[in-house]
Amino acid sequence: MLSILIPTYNYNVSPLVKDLHDMAVLENIAFEIIVLDDASANVFSSETTLENVTYLKNEKNLGRTLTRKKLAETALYENILFLDADVIPVSNDFIARYIFEMQKDFQVVLGGYAYEKTKPERKNILRYKYGKEREERSASIRNLNPYGFIFSGNILIKKRIFLENNYSDALNLYGMDIFFAYKLYTNNVKVNHIDNPIYHLGLEANEVFFKKCLESVVSRKKFLENEQGIEKVNGLLRHYKKLKKYSLTGLVSIGFKLTGPFLKKMIFKKDPSLFCLDIYRLGYICAIK
100 MLSILIPTYN YNVSPLVKDL HDMAVLENIA FEIIVLDDAS ANVFSSETTL ENVTYLKNEK
160 NLGRTLTRKK LAETALYENI LFLDADVIPV SNDFIARYIF EMQKDFQVVL GGYAYEKTKP
220 ERKNILRYKY GKEREERSAS IRNLNPYGFI FSGNILIKKR IFLENNYSDA LNLYGMDIFF
280 AYKLYTNNVK VNHIDNPIYH LGLEANEVFF KKCLESVVSR KKFLENEQGI EKVNGLLRHY
340 KKLKKYSLTG LVSIGFKLTG PFLKKMIFKK DPSLFCLDIY RLGYICAIK
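Per this note's numbering, the sequence shown starts with residue 100, numbered consecutively.
The reader is advised that the hints may include incorrect statements.
Stated by the list, open to error - The list that follows gives simulated cross-link-like pairs (lysine-lysine, DSS-like), each with its CA atoms no further than 30 Å apart:
(1) 222 to 356
(2) 228 to 282
(3) 159 to 231
(4) 311 to 203
(5) 169 to 341
(6) 369 to 343
(7) 340 to 231
(8) 282 to 216
(9) 231 to 216
(10) 168 to 311
(11) 321 to 343
(12) 222 to 282
(13) 356 to 368
(14) 228 to 321
(15) 257 to 331
(16) 289 to 258
(17) 216 to 364
(18) 156 to 258
(19) 222 to 368
(20) 257 to 222
(21) 289 to 356
(22) 320 to 363
Keep in mind that the hints were calculated from the coordinates and are not lab data.
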């Protein structure tokens, strides 16, 4: 009835698996939990006495997109729940809420993200603030722009829908949730957001998250720049296409080269400026070829 799929890399998923298993058992449903390790350097115990739990490992690093594809293809059931490794459910009825949605005519259901109230160390504050202000949204807000809040770290989806819309050839590319969201949008796949969040625990260091942001910009420009209707899914590409329409990208690129160091300083300060991060990404997408 339900396949719970967890891609992982250098992260101990045992606490998450135990919580999910306990909740699924209480619901008295047919289920499986599959953990697929993407050739981690750090070895965590894959031994388990928990019924219906399977640990697998890639022989070589495939990246998150192909790892998710492999998990979906391995899944026994048509209903699949993807969860990131570095999360934990906020509520004890997390699985029950998704089972309730499975009784409806659903295609894609997203529970949302949450971040703990206690701020992390300064070295992780950028990812925390971004998540707190940009990702932690109620279902009522997310449903106003359903394709703009597609996060693969907490998503219930039909197996067929996932495999038809996932970008299956991407190797170690960051930011492909936008491509996935665009595919759902263009194929008129019904997306519903509910309040069933997970806490995102594994906050990257500021420098790592910033680098991933730029990698995501590159992926968006490479794969989605000329796609019709992309501006309805992603704000960065919406602004970029407006600048391109009026032949302003060259001017913005020059301005970016002059102001980039200042913007970066504001992004990495004690209280990071997300506005400066937005401006930096817009300048960056205009500057890269």
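Each hint tested on the structure:
Note on residue 222 and residue 356: the hinted pairing holds, with a Cα-Cα distance of about 26 Å set against a maximum of 30 Å. At roughly 28 Å between alpha-carbon atoms, residue 228 and residue 282 fall within 30 Å of each other, so this suggested pair holds. For the proposed pair residue 159 and residue 231, the alpha carbon gap of about 34 Å is over 30 Å, so the pair is violated. The hinted pair formed by residue 311 and residue 203 fails the criterion: a straight-line CA distance of about 36 Å is larger than 30 Å.
Pair hint residue 169 plus residue 341 does not hold up; C-alpha atoms about 38 Å apart against a cutoff of 30 Å. At most 30 Å may separate the alpha-carbon atoms for a hinted pair to count; residue 369 and residue 343 exceed this at roughly 34 Å. About 27 Å separates the Cα atoms of residue 340 and residue 231, which keeps this hinted pair within 30 Å; it holds. Restraint check for residue 282 and residue 216: not satisfied, since their Cα atoms lie roughly 34 Å apart, outside the 30 Å limit.
For the suggested pair residue 231 and residue 216, the alpha carbons sit about 9 Å apart, so the restraint of at most 30 Å is met. Distance restraint check for residue 168 and residue 311: the Cα-Cα separation of roughly 21 Å lies within the 30 Å cut-off, and the hinted pair is therefore satisfied. Restraint check for residue 321 and residue 343: satisfied, since their Cα atoms lie roughly 15 Å apart, inside the 30 Å limit. Of the pairs offered as hints, the one joining residue 222 and residue 282 is violated, with about 35 Å between alpha carbons and a cut-off of 30 Å exceeded.
With a C-alpha separation of about 20 Å, the suggested pairing of residue 356 with residue 368 holds against the 30 Å cut-off. Distance restraint check for residue 228 and residue 321: the Cα-Cα separation of roughly 27 Å lies within the 30 Å cut-off, and the hinted pair is therefore satisfied. The straight-line distance between the Cα atoms of residue 257 and residue 331 is roughly 24 Å, inside the 30 Å bound, and the hint therefore holds. Proximity of residue 289 to residue 258 is assessed by CA-CA distance (about 14 Å); at most 30 Å being required, the pair is judged to hold.
Of the supplied pair hints, the one linking residue 216 and residue 364 holds, its CA atoms being roughly 25 Å apart against a limit of 30 Å. For the given pair, residue 156 sits about 21 Å from residue 258 by alpha-carbon distance, which is consistent with the 30 Å threshold. For the proposed pair residue 222 and residue 368, the alpha carbon gap of about 10 Å is at most 30 Å, so the pair holds. For a cut-off of 30 Å, the pair hint linking residue 257 to residue 222 is broken: about 38 Å separates their Cα positions.
Distance restraint check for residue 289 and residue 356: the Cα-Cα separation of roughly 41 Å exceeds the 30 Å cut-off, and the hinted pair is therefore not satisfied. Between residue 320 and residue 363, the direct Cα distance comes to roughly 21 Å. Compliance with the 30 Å bound is thereby established for this hinted pair.
Hint check: violations occur at hints 3, 4, 5, 6, 8, 12, 20, 21; the rest are consistent with the structure.
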